[in-house]
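Trainee: Residue numbers (our numbering), protein chains in the order written: chain W, 1 to 497; chain G, 498 to 624.
Keep in mind the hints are simulated off the structure, nothing from the lab. Be careful, since some hints might not be right.
Stretch by stretch, here's where chain G covers chain W in the computed footprint (C-beta under 8 Å, at least three residues) [claimed, not checked]: (1) 147-159; (2) 170-176; (3) 179-192.
Here are the computed distance ranges between Cβ atoms for each label pair [said to hold, decoys possible]: (4) 580/G - 4/W: 26 to 36 Å; (5) 207/W - 560/G: 27 to 37 Å; (6) 368/W - 532/G: 28 to 38 Å; (7) 536/G - 196/W: 45 to 55 Å; (8) 528/G - 409/W: 40 to 50 Å; (9) 285/W - 511/G: 23 to 33 Å; (10) 439/W - 576/G: 54 to 64 Å; (11) 587/G - 17/W: 18 to 28 Å; (12) 71/W - 502/G: 40 to 50 Å.
Here are some chain G residues pointing at chain W (derived, C-beta under 7 Å) [what the hints assert, rightly or not]: (13) 548; (14) 596; (15) 597; (16) 599; (17) 601; (18) 602; (19) 616; (20) 619.
Note that this is a predicted model, so its numbers are computed, not measured. For glycine and all other residues, C-beta sits at the position ideal for the given N, C-alpha and C.
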Amino acid sequence: MQLVQNVPFFSIMLSMVSAIVTPVLPRRAAKWLSVGVVAAVVCLHIWFVPFMISYGGSYNYMMGHFPAPWGNELRAGLLEAAIALALSVVMLLSQLAGLNKLQRQIDPPKQGFFYVMCNLVMAGMLALVYTNDLFTAYVFIEILALSSCALMVARQLGHTMVASMRYMILSLLGSGLVLIAIALTYNLTGHLLMENIHDVIAVYAANGEYALPITVIIGLFIAGIAIKCGVFPFHMWLPDAYAYSTSAASAVLSSVVSKAYFFLLVKIFYRVIGIDVIMSDMALNLMLVLGISSMIIGSLGAIRCLDIRRMVAYSSVSQMGYLFAWVGLGSEVGVAAAMFHMVVHAMCKSMLFLSVSPLCDASGDSKRFIDLRGAGYRYVVPGITFTLGALSMVGIPILGGFFSKIFFAEAAISGTGWVQVALLAALALSTLLNAFYFMHTVMGLYRKPRQGYEPQPFIKSALAAAALVVFGVVNLAIGFFAKDIISFITAGLQTFA
Amino acid sequence: MNGLLDSLWRHFDVTVAILLFGIGFTTLLLHTNLIKKIIGLNIMETATFLFLTSQGYIANRAAPILMEGTRAVSGYVNPIPSGLVLTGIVVSVSVTAVMLALTIRLYRRYHTLDIDSMTLMMKGEDE
Chain W
1 MQLVQNVPFF SIMLSMVSAI VTPVLPRRAA KWLSVGVVAA VVCLHIWFVP
51 FMISYGGSYN YMMGHFPAPW GNELRAGLLE AAIALALSVV MLLSQLAGLN
101 KLQRQIDPPK QGFFYVMCNL VMAGMLALVY TNDLFTAYVF IEILALSSCA
151 LMVARQLGHT MVASMRYMIL SLLGSGLVLI AIALTYNLTG HLLMENIHDV
201 IAVYAANGEY ALPITVIIGL FIAGIAIKCG VFPFHMWLPD AYAYSTSAAS
251 AVLSSVVSKA YFFLLVKIFY RVIGIDVIMS DMALNLMLVL GISSMIIGSL
301 GAIRCLDIRR MVAYSSVSQM GYLFAWVGLG SEVGVAAAMF HMVVHAMCKS
351 MLFLSVSPLC DASGDSKRFI DLRGAGYRYV VPGITFTLGA LSMVGIPILG
401 GFFSKIFFAE AAISGTGWVQ VALLAALALS TLLNAFYFMH TVMGLYRKPR
451 QGYEPQPFIK SALAAAALVV FGVVNLAIGF FAKDIISFIT AGLQTFA
Chain G
498 MNGLLDSLWR HFDVTVAILL FGIGFTTLLL HTNLIKKIIG LNIMETATFL
548 FLTSQGYIAN RAAPILMEGT RAVSGYVNPI PSGLVLTGIV VSVSVTAVML
598 ALTIRLYRRY HTLDIDSMTL MMKGEDE
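Build the full structure now, drawing on both the sequences and the hints.
Mentor: Printed below as a string of structure tokens:
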């Protein structure tokens, strides 16, 4: 055991411990501790990912050296390390870019708690990515739900409070379903560690036993996580929550929290149930239907908006739909494309949310399209990063979003019958709608302001601008290295099971 | 039909758990009063815990608590589901606390517990 192999454990513990320490610190110290811990996790992972690449496979990490039935286990592999790195980078940049805004929007005495919740989200995300134990996953799902609810209400408006109440209600239904699924799995297999369950289910599948209970378990997991991710029928809380909470919170919620849940679902598919069982199971159609309807409804919702942040929030619904639909396709290519898009969307959506809020500042604190006209000239850096993000989401070549669309289309063609037709049609329609509302917004940003509009002075933050520039560079890099990233993900998925 | 009734009766603990879960679920979803929603949530979670514990129970065996000497392993019920339920109860308590705190906040702001009228009032206000 080398020192570097402790990184997953260290990162989780670091985030948890700092969450405990932060509330007693003064506000400034709390802020820098919180950001510092995330930065430390990023650095640890920059050390860890090359090690995992040279290490090749994966290993199980026993917490406290207690063997399996008593102790708790983490598992680190290529994919887990890379996703943890990507999501921590998003977290760090979101916090830095949103720092200035949140200090103005959240009551000063409450700001300390915002940083606590950021640390808890970080710990929850890392734990969901690395855990090898289903019950630990459940506990961290709840921790993530509570802390993201607190992130939402940190800015105390009627909208955020009502939205977080709705979020809590749906989210608890979701975790209730996941808990029942875990109880059924334990009932069926007698294990909670992922490998052990996987072995038992493989035997059941080979003998054709317990087919119905396994389908029910898969369906419950899908429904539970779909509720958590805010996919179509369960998205009522999402637009208000993302549109009114502070920009760092929206970025973290849309890009870190929902991605961590989605990664957990893929992990359950590969490591708990076994991907061969999943592919041949009809419960996967549920995912396909949720995904496709979410793609369309989300885009339609975005078109109706008069408010830029609601539009970006609705676009999140449709992008989560892509992920669900292509995992629901039931082929390895589809899952790889979805994982690629997960990274692209995490980077892109957080950048969009964080560019929107300075643009609104530059328009007299208004989020309406009509006031935002010309904002791209008034505040140049966020204007450029918003345009970049919008182009990527629409799928303009050399940007990440273009490659996700290509991989999606390639994966959809490998599907059969109506699935192929439905996915390609949904992809085309949704891309068209995406192009419509994003391009409409971008053009608005560079139009002449409406008559009689007087620009008002606003605060520019150098830190936010710098973080946005880094965001832009990362997004461009994803586009340039798309082929390498997708082959990395495909290799990672093969060592995943 | 007779077979179904028979198996429902044989696993009556599971049947009760499912009924309770349904009651909790519908209360949580269909009532507009926040306090009733929270009560529904608690019923739902209790049902889940009942289901979990009943899966670990083995008839005629003792709880796995150490008192005045030990018995053979076959003398105890399966302790893992009980452990899970304990964790689940902790989670459920904290979730209930957060929901109640939010309810207080909302009540102070809107002077109602009805989530639909809250939403109506919220739509009227701008930032």
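Trainee: Each hint: holds or not?
Mentor: These are the hints, each one checked on the structure:
1. 147-159: With 7 residues in contact (Cβ-Cβ under 8 Å with chain G), the coverage given for the stretch 147-159 of chain W holds.
2. 170-176: Since 3 is at least three, the answer is holds.
3. 179-192: holds (count 6)
4. 580/G - 4/W: 26 to 36 Å: The hint (26 to 36 Å, Cβ to Cβ) holds, given that residue 580/G and residue 4/W are roughly 33 Å apart.
5. 207/W - 560/G: 27 to 37 Å: holds, 35 Å
6. 368/W - 532/G: 28 to 38 Å: 36 Å Cβ-Cβ, so the 28 to 38 Å window holds.
7. 536/G - 196/W: 45 to 55 Å: Because 37 Å falls outside the window, the suggested range is violated.
8. 528/G - 409/W: 40 to 50 Å: Since the Cβ atoms of residue 528/G and residue 409/W sit about 45 Å apart, the hinted range of 40 to 50 Å holds.
9. 285/W - 511/G: 23 to 33 Å: Holds, since residue 285/W and residue 511/G (Cβ atoms, about 27 Å apart) stay within the stated range.
10. 439/W - 576/G: 54 to 64 Å: 60 Å Cβ-Cβ, so the 54 to 64 Å window holds.
11. 587/G - 17/W: 18 to 28 Å: At roughly 20 Å between Cβ atoms, residue 17/W and residue 587/G fall inside 18 to 28 Å, so the hint holds.
12. 71/W - 502/G: 40 to 50 Å: Given range 40 to 50 Å: holds, Cβ gap about 44 Å.
13. 548: holds, 6 Å
14. 596: holds, 6 Å
15. 597: Violated, because the Cβ-Cβ distance from residue 597/G to chain W comes to roughly 11 Å (cut-off 7 Å).
16. 599: This hint holds: residue 599/G lies near chain W, its Cβ roughly 5 Å from the closest one there, short of 7 Å.
17. 601: violated, 11 Å
18. 602: holds, 6 Å
19. 616: Holds: closest Cβ of chain W sits about 6 Å from residue 616/G, inside 7 Å.
20. 619: holds, 4 Å
The structure shown violates the earlier hints numbered 7, 15 and 17.
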